[in-house]
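A.B. asks: Sequence:
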Amino acid sequence: SGAMLRTEAKDREARAQKVAAEETKFMEQQMKEKETRLKGEAAAREAALKQDAAAQLERTLQEAKEREEKLAQEAAGQLEKAVKEATAREAKLAQEAAAELDKAAKEAQAREAKALKEAQAREGKLAQEAAAR
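In the numbering used here, the protein residues as written are 718 to 850.
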């Protein structure tokens, strides 16, 4: 009966070890599955973050491009306005110069006409004096 008890005890111990080994294997398997799942979730989160960052960068670049285009348009508009103003000023100055020139020419003609009249008057006077002598 002592031998039977020992055999039973050995069988129980062997079964307990087998159960413990199976439980350990099961736990290890669960841990591996959990690790794999967590790695997958982390990779998915990282990919989503990268995608978000790329989209944000794209939006920022697009906004910068639009601002640049707007500024370029404004600068072109200002340049066009400045050119028109300069052209208008130039035309006004040219008109003023032409008016000044015209006025000066008329004044010169008037002086010439006056000088001519005076010369003719002197000539007429001299002729009268000569006739009176």
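None of these hints come from the bench; they were simulated from the model.
A few of these clues could be false.
[Said to hold, decoys possible] List of simulated lysine-lysine pairs, DSS-like, C-alpha gap at most 27 Å:
hint	residue 1	residue 2
1	K823	K801
2	K809	K798
3	K787	K798
4	K823	K834
5	K735	K749
6	K767	K782
7	K831	K842
8	K767	K756
9	K809	K823
10	K787	K809
11	K735	K756
12	K798	K782
The structure presented is a predicted model; accordingly, all values stated were derived computationally and were not measured.
A.B. asks: Taking the hints in turn, state whether each one holds.
C.D. replies: For each hint, the structure was consulted:
no.	hint	result
1	K823 to K801	violated, 33 Å
2	K809 to K798	holds, 16 Å
3	K787 to K798	holds, 16 Å
4	K823 to K834	holds, 16 Å
5	K735 to K749	holds, 21 Å
6	K767 to K782	holds, 22 Å
7	K831 to K842	holds, 16 Å
8	K767 to K756	holds, 16 Å
9	K809 to K823	holds, 21 Å
10	K787 to K809	violated, 33 Å
11	K735 to K756	violated, 31 Å
12	K798 to K782	holds, 24 Å
Checked against the numbered hints listed earlier, the structure breaks hints 1, 10 and 11; every other hint is satisfied.
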